[in-house]
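Novice: My request is simple: use the sequences and hints to build the entire structure.
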Amino acid sequence: MEIKVLHQVMEWNEDVSRQVRQTLKEQKICMINIMGSPGAGKTSLITALIGKLGREFCVGVIEGDIAGQIDAEKILSLGVPAVQLNTDGACHIEAMSIQKILPLLPINDLDVIFVENIGNLVCPAEFDIGESLRITLLSIPEGDDKVEKYPLMFTDTGCLVLNKYDMLPYFDFDEERVARNYETVNPSGPLFKVSCKDGDGLDLLCNFLSKKIREQIR
Amino acid sequence: MHELSITQSILDYSLSEAKKHGGVKIREIRLLLGPFSGIVPECIQMYMDLLAEGTIAQGVKIKATTLPLKVRCRDCGKESEITRRHIACPFCESLRLEILSSNDFIIDSLEVDTDGD
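Those sequence lines, one after another, are chains C and E. Sequence positions in the first sequence follow this note's numbering and run 1 to 218. Sequence positions in the second sequence follow this note's numbering and run 219 to 335.
Hints listed in this document are in silico derivations from the structure and should not be mistaken for laboratory results. As the structure is a prediction and not an experimental result, all values here were calculated from the model. Fair warning: there could be bad hints in the mix.
[As the list claims (entries may be wrong)] Calculated pairs, PhoX-like style, for lysine-lysine (alpha carbon to alpha carbon, straight line, at most 20 Å):
hint, chain 1, residue 1, chain 2, residue 2
1, E, K237, C, K4
2, C, K4, E, K288
3, C, K4, E, K296
4, C, K149, C, K52
5, C, K4, E, K238
Specialist: If you want it as structure tokens, here you go:
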């Protein structure tokens with residue numbers, strides 16, 4: 001006989017992301033999910049943001065990587081609480097992993113948690129990890145066709161950061177093309193041009209983030 | 219990579235449902251997967267073969283159906299079903315889409331033998 005059940009499989013990403021969001025709301029923490037290709041500058045961006053936003057907010061970091069502790073060690077050396085989340089091969093972070101790792105951070109003291117997602121323009125965009133805000137990072141050397149090729153990554157984000165902007169003269173990168181396509185898939189999302197290396201453009205981005213964080217932790 | 223824990227929860231739920239209905243053997247578990255569920259059905263089957271050993275679900279077949287990707291176009295307003303290969307409105311080719319279906323993951327039904335079968 002057939003038993004019709006139509007049972008939503010619990011403990012799966014949706015439910016867990018809702019729980020994570022609730023926990024963060026209670027703790028008054030703004031969690032920012034940073035996504036982009038390997039080498040786009042996610043760790044450098046986080047390091048730069050800690051330097052600026054760290055004066056106003058208490059910051060913690062969850063470093064997602066397939067393997068290794070390199071990034072977490074880098075952040076810890078700045079005196080900022082950080083935990084390394086190793087996905088053992090998986091190409092993205094899920095809400096369940098965030099839920100498990102949150103207690104390892106001093107969440108009672110934190111205002112902001114940066115989550116560095118796995119370097120990948122595809123899968124991370126598909127998983128809601130309970131974040132308050134998403135940042136998509138694209139660097140000049142990656143090319144100007146990425147918005148067309150990986151639309152979801154740019155559709156479903158709070159802002160786009162164009163990193164390594166100082167490299168623009170050395171690449172055939174049509175920034176108008178990126179801006180136009182980004183506006184098409186994400187009409188309300190702002191675009192920031194920064195260079196984490198020399199700090200250019202970071203102030204504008206930090207003003208935007210600082211406003212978002214204050215709204216969230218109020 | 220989370221298929222192991224997911225498979226365990228599918229098995230636990232199926233066993234308790236079958237028991238409720240007087241089932242003595244579970245032959246098939248039918249799943250409905252949203253286009254962004256991120257689940258690999260072959261992995262579920264592989265783990266199920268291991269986990270179900272010695273239970274009434276031993277040898278159970280996992281049948282997974284992927285649900286279509288449903289979107290609403292922000293430009294022409296029409297709803298449609300598209301594939302992830304070509305993300306654009308089939309009516310006006312706009313890329314400004316709102317995703318309606320997502321990471322659903324549902325146990326649809328079980329095929330079970332009861333004592334009377």
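Novice: All hints are to be evaluated individually against the structure, with a verdict given for each.
Specialist: Evaluated hints:
1. E:K237 - C:K4: Holds, at roughly 14 Å.
2. C:K4 - E:K288: Cα-Cα ~24 Å, so violated.
3. C:K4 - E:K296: violated, 32 Å
4. C:K149 - C:K52: violated, 33 Å
5. C:K4 - E:K238: holds, 13 Å
The structure fails to meet hints 2, 3, 4 from the earlier list, while all remaining hints are met.
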